[in-house]
Structures are given as C-alpha cells and as structure tokens.
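Q: One-letter residues, chain by chain:
Protein chains: 4
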Amino acid sequence: MTGLQRALNDLVIANRILAHHGVFDEYGHVSMRHPGDPARFLMARDCAAAFIEPGDILEFALDGAPVNEGNRPLCAERFLHAAIYAARPEVKSVLCAGSEDVLPFSVTPVPLRAMLGTVGDMGTQVPVWDIAEKFGEDTDLAVSSLERARDLAQRLGGHRVVLRRGVGFVTTGRTLNDAVKTSVYIPKNARTLAQSLQFGKITPISQGEVDQRLAIDPESNAMRRGWEYWAREAGCERWL
Amino acid sequence: MTGLQRALNDLVIANRILAHHGVFDEYGHVSMRHPGDPARFLMARDCAAAFIEPGDILEFALDGAPVNEGNRPLCAERFLHAAIYAARPEVKSVLCAGSEDVLPFSVTPVPLRAMLGTVGDMGTQVPVWDIAEKFGEDTDLAVSSLERARDLAQRLGGHRVVLRRGVGFVTTGRTLNDAVKTSVYIPKNARTLAQSLQFGKITPISQGEVDQRLAIDPESNAMRRGWEYWAREAGCERWL
Amino acid sequence: MTGLQRALNDLVIANRILAHHGVFDEYGHVSMRHPGDPARFLMARDCAAAFIEPGDILEFALDGAPVNEGNRPLCAERFLHAAIYAARPEVKSVLCAGSEDVLPFSVTPVPLRAMLGTVGDMGTQVPVWDIAEKFGEDTDLAVSSLERARDLAQRLGGHRVVLRRGVGFVTTGRTLNDAVKTSVYIPKNARTLAQSLQFGKITPISQGEVDQRLAIDPESNAMRRGWEYWAREAGCERWL
Amino acid sequence: MTGLQRALNDLVIANRILAHHGVFDEYGHVSMRHPGDPARFLMARDCAAAFIEPGDILEFALDGAPVNEGNRPLCAERFLHAAIYAARPEVKSVLCAGSEDVLPFSVTPVPLRAMLGTVGDMGTQVPVWDIAEKFGEDTDLAVSSLERARDLAQRLGGHRVVLRRGVGFVTTGRTLNDAVKTSVYIPKNARTLAQSLQFGKITPISQGEVDQRLAIDPESNAMRRGWEYWAREAGCERWL
Numbered sequence: 473m474t475g476l477q478r479a480l481n482d483l484v485i486a487n488r489i490l491a492h493h494g495v496f497d498e499y500g501h502v503s504m505r506h507p508g509d510p511a512r513f514l515m516a517r518d519c520a521a522a523f524i525e526p527g528d529i530l531e532f533a534l535d536g537a538p539v540n541e542g543n544r545p546l547c548a549e550r551f552l553h554a555a556i557y558a559a560r561p562e563v564k565s566v567l568c569a570g571s572e573d574v575l576p577f578s579v580t581p582v583p584l585r586a587m588l589g590t591v592g593d594m595g596t597q598v599p600v601w602d603i604a605e606k607f608g609e610d611t612d613l614a615v616s617s618l619e620r621a622r623d624l625a626q627r628l629g630g631h632r633v634v635l636r637r638g639v640g641f642v643t644t645g646r647t648l649n650d651a652v653k654t655s656v657y658i659p660k661n662a663r664t665l666a667q668s669l670q671f672g673k674i675t676p677i678s679q680g681e682v683d684q685r686l687a688i689d690p691e692s693n694a695m696r697r698g699w700e701y702w703a704r705e706a707g708c709e710r711w712l
Numbered sequence: 473m474t475g476l477q478r479a480l481n482d483l484v485i486a487n488r489i490l491a492h493h494g495v496f497d498e499y500g501h502v503s504m505r506h507p508g509d510p511a512r513f514l515m516a517r518d519c520a521a522a523f524i525e526p527g528d529i530l531e532f533a534l535d536g537a538p539v540n541e542g543n544r545p546l547c548a549e550r551f552l553h554a555a556i557y558a559a560r561p562e563v564k565s566v567l568c569a570g571s572e573d574v575l576p577f578s579v580t581p582v583p584l585r586a587m588l589g590t591v592g593d594m595g596t597q598v599p600v601w602d603i604a605e606k607f608g609e610d611t612d613l614a615v616s617s618l619e620r621a622r623d624l625a626q627r628l629g630g631h632r633v634v635l636r637r638g639v640g641f642v643t644t645g646r647t648l649n650d651a652v653k654t655s656v657y658i659p660k661n662a663r664t665l666a667q668s669l670q671f672g673k674i675t676p677i678s679q680g681e682v683d684q685r686l687a688i689d690p691e692s693n694a695m696r697r698g699w700e701y702w703a704r705e706a707g708c709e710r711w712l
Numbered sequence: 473m474t475g476l477q478r479a480l481n482d483l484v485i486a487n488r489i490l491a492h493h494g495v496f497d498e499y500g501h502v503s504m505r506h507p508g509d510p511a512r513f514l515m516a517r518d519c520a521a522a523f524i525e526p527g528d529i530l531e532f533a534l535d536g537a538p539v540n541e542g543n544r545p546l547c548a549e550r551f552l553h554a555a556i557y558a559a560r561p562e563v564k565s566v567l568c569a570g571s572e573d574v575l576p577f578s579v580t581p582v583p584l585r586a587m588l589g590t591v592g593d594m595g596t597q598v599p600v601w602d603i604a605e606k607f608g609e610d611t612d613l614a615v616s617s618l619e620r621a622r623d624l625a626q627r628l629g630g631h632r633v634v635l636r637r638g639v640g641f642v643t644t645g646r647t648l649n650d651a652v653k654t655s656v657y658i659p660k661n662a663r664t665l666a667q668s669l670q671f672g673k674i675t676p677i678s679q680g681e682v683d684q685r686l687a688i689d690p691e692s693n694a695m696r697r698g699w700e701y702w703a704r705e706a707g708c709e710r711w712l
Numbered sequence: 473m474t475g476l477q478r479a480l481n482d483l484v485i486a487n488r489i490l491a492h493h494g495v496f497d498e499y500g501h502v503s504m505r506h507p508g509d510p511a512r513f514l515m516a517r518d519c520a521a522a523f524i525e526p527g528d529i530l531e532f533a534l535d536g537a538p539v540n541e542g543n544r545p546l547c548a549e550r551f552l553h554a555a556i557y558a559a560r561p562e563v564k565s566v567l568c569a570g571s572e573d574v575l576p577f578s579v580t581p582v583p584l585r586a587m588l589g590t591v592g593d594m595g596t597q598v599p600v601w602d603i604a605e606k607f608g609e610d611t612d613l614a615v616s617s618l619e620r621a622r623d624l625a626q627r628l629g630g631h632r633v634v635l636r637r638g639v640g641f642v643t644t645g646r647t648l649n650d651a652v653k654t655s656v657y658i659p660k661n662a663r664t665l666a667q668s669l670q671f672g673k674i675t676p677i678s679q680g681e682v683d684q685r686l687a688i689d690p691e692s693n694a695m696r697r698g699w700e701y702w703a704r705e706a707g708c709e710r711w712l
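As you go down the protein sequences, you meet chains A, B, C and D in turn.
The first sequence begins at 473 in our numbering and counts up by one.
The second sequence begins at 473 in our numbering and counts up by one.
The third sequence begins at 473 in our numbering and counts up by one.
The fourth sequence begins at 473 in our numbering and counts up by one.
For reference, chain A alone in the conformation it holds in the complex (with noise of 0.2 Å):
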C-alpha cells in the first residue's frame, strides 16, 4: 500500500471512529496533511463522517481550493484547517467537532482544563475563540473565509485545542491519530470538570505532567492502542 493510499485509509478510520463515538455527528469533520507534499491537505468531501469511503477524500491546498476540480460538495470549513496547516508546519491533522459537554466551557469565563490523564496533551490552556470578537454579531457562525480562518488560527497560536464559541472545539495533532485519541477524550474530561468544578476546589493536570504526556510518541504502541480497538468497534477492519 502506497503511503497515500495508507493515508486514505487512516482519514476514513478516523472519521468512522469520531462518527462511532458521538464526537461528530452530522457535523464534524477532520483533516490530515498530504504525507507527500506539505503544502496540501486531504479532507473529505461534505458528507456525513459515518459514511465516508477512501473515494471521498479530496486534496486541497493551503488557500482552501481543492486540488482537482470537481463536482463534489466541499466543507464549507475547510478554511479553518488550510489556515492551520500554514501557521503550524509540525501540525499534521486537524479536527473540528461540536460537542454540547464542552460548549458550557466556551459559552461562559470558566476555561477548560485537563482532569484526566489521558487528555494531559491538551495542556494547560485552552482558549476560546468568539467569531463576533471581530466579524460582529450577526454572522452564521461559520469558518467559511480564510479571513475567519487566520482569525482562528491566531487565537489558536501555539495550543493544542481551541474552542469555537457555540460550536464546539477545535483540536490539532502531531499524527492523525494524536488528533483522534485526544478529542475522543475532550467531551469525557469536560463533563468530568463540570462535576468538579461543583465539588470545589480542583487539581488539574499539572504542566510537568502534560509535558511527560506529550513527551510520549503518538504512535507509540500505547498511544495507537485505542486507534486499533475504536477502528475495530466502529466496523473499519477492512481499512486497518
């Protein structure tokens, strides 16, 4: 199997997983970048996570235009991962989600922290981004300019996740699955802060112990424990 085509594969899985977890929906979708040329990015095209097949996956450029013309309907956010991809170059795959256990988190001051171990790669800091802060308060809300996009990517600066006021959140990862196991943990460690924050006073994930966590390879055999498993619950073997 060509590199590419292991790529195609591993996008599918990816999208499969987040469909099978509830992290996307009808909404949601993840990117990684071309393994062959930094300067692209594979996406799918618009369609439901949970029925995405190698066939659907495009190429698209740094800009936001798709590589190949075609009739296919695109993201109407792939902005928002072609301005990451640029302003980040150790960033190989990006995701952007809805989930209703982080929103609150988005929504309102109290910041999103790491509780769990397993999302200690997310850091110490999650900032929020409100698309009104500087397009005003009557927009759709969503990604679909690169304006927007650089908007974005410069909240998100040199962070793991940022979050998207009234939408959900936004997460980037080293590898694919980087992306994938952290964001599958992302609604968990919210719903876990909310419980603690009712609790009193909390002990978050420290900042030495994220560095250990994002010291730990992403594709170590720990790491793609999940990858194997989630793809396998979610019906992808014949991709794997």
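Just so you know, the hints here were simulated from the structure itself, not pulled from any lab data.
Since the structure is predicted, the reported quantities are computational estimates derived from the model, not experimental observations.
Just to be clear, a hint being listed does not mean it is correct.
A pair holds if it fits inside one copy or across any two, identical chains being indistinguishable in the list.
To be verified - Think about it this way: if two alpha-carbon atoms lie no more than 25 Å apart in a straight line, the pair counts; the simulated DMTMM-like pairs of lysine to aspartate or glutamate are:
hint	residue 1	residue 2
1	Lys606	Glu541
2	Lys673	Glu531
3	Lys673	Asp610
4	Lys673	Asp602
5	Lys673	Asp535
6	Lys606	Asp683
7	Lys606	Glu531
8	Lys606	Asp535
9	Lys606	Glu525
10	Lys673	Glu605
11	Lys606	Glu700
12	Lys673	Glu609
13	Lys606	Asp528
14	Lys673	Asp518
15	Lys673	Asp528
16	Lys673	Glu619
17	Lys673	Asp612
Guided by the hints, dock chains B, C and D onto chain A, whose structure is given.
A: Frame of chain A; chains B, C and D shown alone:
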C-alpha cells in the same frame, strides 16, 4: 413519485429519525401541511413513531377532523397541529415531543435560550405555555381540543418553538426537515444551557446570529445533510 | 389462551421491557396478583429479568411462601410483594427497581415530586422507607422477611410509590401495564426534577392534574400504546 | 476443565463484561491471583479488554516480571497488581479503570462514599492516591514501576478501593466476581452521590450495613447472578 407519495415517505422518515434519536419515544407526533392543499395536513394515526409506515398517514382538516372516516385510532392531540397550521400560513410542519432536558425550562422561571449555532433558528425567545393558566389546575395536560390548541397557538405567536409545561416542546418548521433538524438539537441545547448556567454569565446566540441561521434555506445541501444521514442511521433507506 | 397463560406472558414481557429500559439490570423484580385468586401472586424465580421466560414464573401466597415446592432459587424479596398485596386489595402489580436517578431523593431530605405529566399518577407524595428506622443500622438493606416487608407496606400506606433508602423505588399498579408504564418514566422524572431544582422555584404536577391522570383507564389504548411499542423494542413479539 | 482453564476463561469474561459496561474502554486492566500459586497472578497482555481471549492471558510474579518470556506487549501497569498481591494475601483480584464519574472525587476534597446498597462492600472510606505527593508534579501518572506501585498499595492499606488522582479507581476483590461486581456499580454510585450532595445532607451506607454486605459470600447465588447475566449480555457464553 407523486408529491403526495414523497410527502408520505418523508413523514415516515421524520417519525423514525425522531424515534431513533430518542426525541420521540412512545409519545411524540409530527405532521406536515398537505403539499397540494394548505387547508389540510398529514399526520400518522395514533401509533408509536418507530413503527409508522406510509399507510399509517392520515389527512386532517384545520379543525382536527379526519378527512376520511375510518376506524384507526387518531392522535388525541391532532388539534395542536391543526390550530398552528390555521394560525400560521407559512408553517409547513409541526412537531411535539416530550423531553426531560427541556422540561426544567417549562417548570421554572429559567428561559430556554439558543446556545448552539445549530439551533440558532430557534430564535432568541422561547415562550412557555402552561395549560393551567386558562384551563385550571385539574386537566390531564393534553391538547385534546381545538380550544386548548388555539390557546397554545396564541402563546406560540410568531415564534419558532413553544414549551409545554410538564410535557415538552412544540417546534414549527418552514419544511419538515427544518422542524426535524431543529428538534434533534433542542434537547442537546437544553443540556448545554443547563450546564452553562451553573458556570455563570452566558453568551447565547445573538439576534443577528439567529437571523443569519434563519436566512439559510432549510432545503439546502448543508441543511439536508443531517436528514439523509439520520434516515440511514434509522434504517429508512427504502423511503428515501 | 387462558387467563393464566396471558398473565404469564405479560409478566415475561414486563420483565423484559424493564430490562430493556435499564429500569432493571441484574437487580429488579416485578409481580402481579394471580388473575384467578387474589390470595396468590405471580413472580419469576430469582433470575435476571432479561432472561425470564413463562416457565420461570412461580406462584406465591401472601406470606411469601411458594405454592409449589421446587428447587428453583426464589427471589429473596418476595415478601415485599406479598405484604403489599395483603395490605392493598386494589393493587394488582408490584415492582421494585434500583435507580441511580431516584436514589438522591431517598438519601437526602429532598422529596421526589411528579414533574412530567406522564408520571402524574405517581401522586403528589412519595414516601421514603429507611430500613434503619425500625431495624437498625446494620442490616443488609434487603426486604427478606415478612416483618421488614410489612414495615415497608406501612410506610407506603395508600400511596402509589415508595422509595427505599439506598436501594431504589417500589411502584404499585392497578394493572401490570400501569406499574410498568409509570416505572419507565420515574427515573426520567427524577432527572428532570433534579435539574429543575437547580433552577429555582418549580411547578410540579398539581393534585388536580394527578387526579385527572389517575382517572384514565390504565388499560385504555392511550395507556397501552407504550406496552406494545416497548414489547417490540425488547424483542417480545412472540409473547404479545 | 482444569482450575487454570477455568481461571483463564473467567478472566476473559471479566474483561469483556467490564468493556461491555463501559467500565473499561481502551484503557483498563484486571487480574486474578493464580489459583495454584499465590506468588503468581494472571493478567492479559497489553490489549483492549473487549478483544481478550484465553490465549492472551499471561502469568506474572509479584515483582511484575512475566513468568514466560515472550514477545507480546505487556501492560505497563502490571506493577500495580503485583504490589497489591504482595501486600494483601487475602486479595484474589485487582482491577484498575478510568471513570469520568469517579474522577471528581479524586481531584477535589470531596470523598467518595457508598450510597447504594450494592456497593456497600466498598466500605465507608475510600482513600485517594495522588502520584505527585511522592513522585512530583512531572510524571506521566502511570504506575509503571514497583516503586510507584508500592506507594499506591500503601495508600490503599486495608481498604477495598483506592482512587488514583486524574486516572480513576482501583478495586480489590476476594474473588474475581467480587471485584467485577463492585466495579460495575462504582460509577453509578459516584453519579448518585454527586447528585445527592447537591441536595444537602446525605445518608450514606453505614458501617454496620457495610459489614453486612461484606458478610455475604461473594460466590453465593445472589452475588453471582450479575456475573452470568452480564457475561451473556457481553456475548461470553462460550467461556461460561
């Protein structure tokens, strides 16, 4: 396929999507205005939504009377649909569901607000109808007469959604998909709002953002992506 | 089909509906008064509800003694059912379930109230029985004797439902369907009440609304719609 | 079937029951002391619990070293099990799970208490082990050495359960079924306690009630009813 057959199939799909999502359980009813006659509407006989087939759909006049007499049990709350179609010519679909997540906003002074972009079309105001206000504290809570239904329609006014104290919510739609899509997200929105209120000052969807969401054609690709996905998830391919 | 065979099949369906809904898990028991002899009741042997078949149903006297000696393990809490049937001639069904959602109302001073119209028949008062009041703080919490059962029946009095501290709830029914239907909604009602209490002043189901719900025949079409739906959902068509 | 084969099958069933209940996901590990040699214990290779088969079970000494060298990946936290077996001769099973519901009790000053009769055997005290106390604020949180494991075992002391800050909980059992049964209920108990604390003064399971629960033979019919039910639910009949 005729326009009527398309409507019957869509109504079956709608029922089954809503059952699949848990928006409907053994209770819950959805209707659409007859595609060929605005003085009629289509709704299933009294039957759990998960089992409805095209042959279960009946036709009603705007006083709730069935067009064809028959011996199939009728939904006791058909009057609710009738009164809304009579009061609101632009409404093409009406849906009524119980929801444990929405109920707290109908039995306390806290108002339901749109927090998720995906329910921005719910509007900035969601009125509450308490049957006891006009009909006293010893009813069975059911909208089982035109008189009760007209009182509810009055409280709904020009809004998209009205809550029923102790029961759930009523959604109106410009199309069937419009009502279904919003209704799938209403319980999620309620949960995320409840959590946000615990955190402090909230940033809900603004009037401008609501207007932008309402400006999107409910039958556009982006708005219909959920319909096809959810229909497949609910096992409805044969009626698509 | 004889009246007794109908009763056995219904009791199997009830068990499986309650297991399917998560009202029963490995714990949970339901009984009905014998259709031919008010001094007897029917209940399954000690077995997880999801596996019960007609051949598992045993007959008991109102002191909890099995009518036919056998070697199948008996439910240790059959005395609870016996004592209620003895104290309440109009009760035709008794059900006992654990519930994490109901438990907080049994271990704190906050009373369980009906908030959903669908559990209006639960009444405006739900007493709590704490075994420690009479039997001390070192029991195994089980209603495994007639003495304990009679104390619980006394606390139940003429009410529909009683909570057991640290265990769950007991529902009585005028028919089997009546007990099952209410019990399916009790955990949902508990969750929605817990959330409502966080919001402030609540509007529960009034006494008049309770009376109206209780006036509905539990075997009417409207009240039986859930039974058939849930039976199919639980894979019980063959016993319908 | 030999005692060892019975043990291997039971350990497979335990893994799959815990996966089926969501107590384990891609993380989670359970072991049992070797039936023929108290200086050994049995645990699966490093693999998601839902896929474990008898051939995946390995044998370890009480220093965490595998008895048979091989090339299958080992669970990094096998030392946790080893240290507990070494410190507690009466313990026959050890289980470690993540739990979003339990976590708040490990990251705040609020203690986990038994509220449900079914987890009375958890005891009235549940200590919390924070790896940072002894090992500093820059670990990866994993119990991946005997030194860390012994420190955790010391915090566990003679208790049934210990929480791991930022990770989840560790349960000990007098038998494998004992550890599994309690662990299935621990997250439910955590949720119900969290809700009860919002209501006010709580009535937890008393020491006397705990003692009564602990007096019940964990291998009695009543305590094994869940095992067979859950094994079937998890598709494990062939190993029963």
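Q: Take the hints in turn and mark each one as holding or not.
A: Verification of the supplied hints:
For the homomeric pair Lys606 and Glu541, neither the shortest alpha-carbon distance inside one copy (32 Å) nor that between copies (60 Å) is at most 25 Å. Proximity of Lys673 to Glu531 under the C-alpha cut-off of 25 Å is found in neither arrangement, the shortest distances being 47 Å within a copy and 42 Å between copies. For the identical chains of this complex, Lys673 and Asp610 are inter-copy neighbours only, at 20 Å across copies versus 38 Å inside a copy, given an alpha-carbon limit of 25 Å. For a Cα distance limit of 25 Å, the shortest separation of Lys673 from Asp602 across copies, 15 Å, qualifies, whereas the shortest one inside one copy, 28 Å, does not.
For a Cα distance limit of 25 Å, the shortest separation of Lys673 from Asp535 qualifies neither inside one copy, at 44 Å, nor across copies, at 37 Å. Only between protomers do Lys606 and Asp683 lie at most 25 Å apart by alpha-carbon distance; the minimum there is 18 Å, versus 33 Å within a single protomer. Taking the shortest Cα distances, Lys606 and Glu531 never come within 25 Å of each other, neither inside one copy (29 Å) nor across copies (50 Å). In this assembly of identical chains, the alpha carbons of Lys606 and Asp535 lie at most 25 Å apart only when taken from the same copy (20 Å versus 50 Å across copies).
Taking the closest pair of Cα atoms, Lys606 and Glu525 never come within 25 Å of each other, the shortest separation being 37 Å inside a single copy and 49 Å across copies. In the homo-oligomer, the alpha carbons of Lys673 and Glu605 lie at most 25 Å apart only across protomers (17 Å), although the nearest pairing inside one protomer, at 31 Å, exceeds that limit. Taking the shortest alpha-carbon separations for Lys606 and Glu700, neither the intra-copy value of 41 Å nor the inter-copy value of 35 Å comes in at or below 25 Å. In this homomeric assembly, Lys673 and Glu609 come within 25 Å of each other (Cα to Cα) only across copies, at 17 Å, whereas the closest approach inside a single copy is 35 Å.
For a Cα distance limit of 25 Å, the shortest separation of Lys606 from Asp528 qualifies neither inside one copy, at 34 Å, nor across copies, at 51 Å. When the C-alpha separation of Lys673 and Asp518 is checked against a cutoff of 25 Å, the pair qualifies neither within a copy, at 43 Å, nor between copies, at 35 Å. For the identical chains of this complex, Lys673 and Asp528 are neighbours neither inside a copy (47 Å) nor across copies (42 Å), given an alpha-carbon limit of 25 Å. Taking the closest pair of Cα atoms, Lys673 and Glu619 never come within 25 Å of each other, the shortest separation being 40 Å inside a single copy and 29 Å across copies.
In this assembly of identical chains, Lys673 and Asp612 lie within 25 Å of each other by CA distance solely across copies; the values are 22 Å between and 37 Å within a copy.
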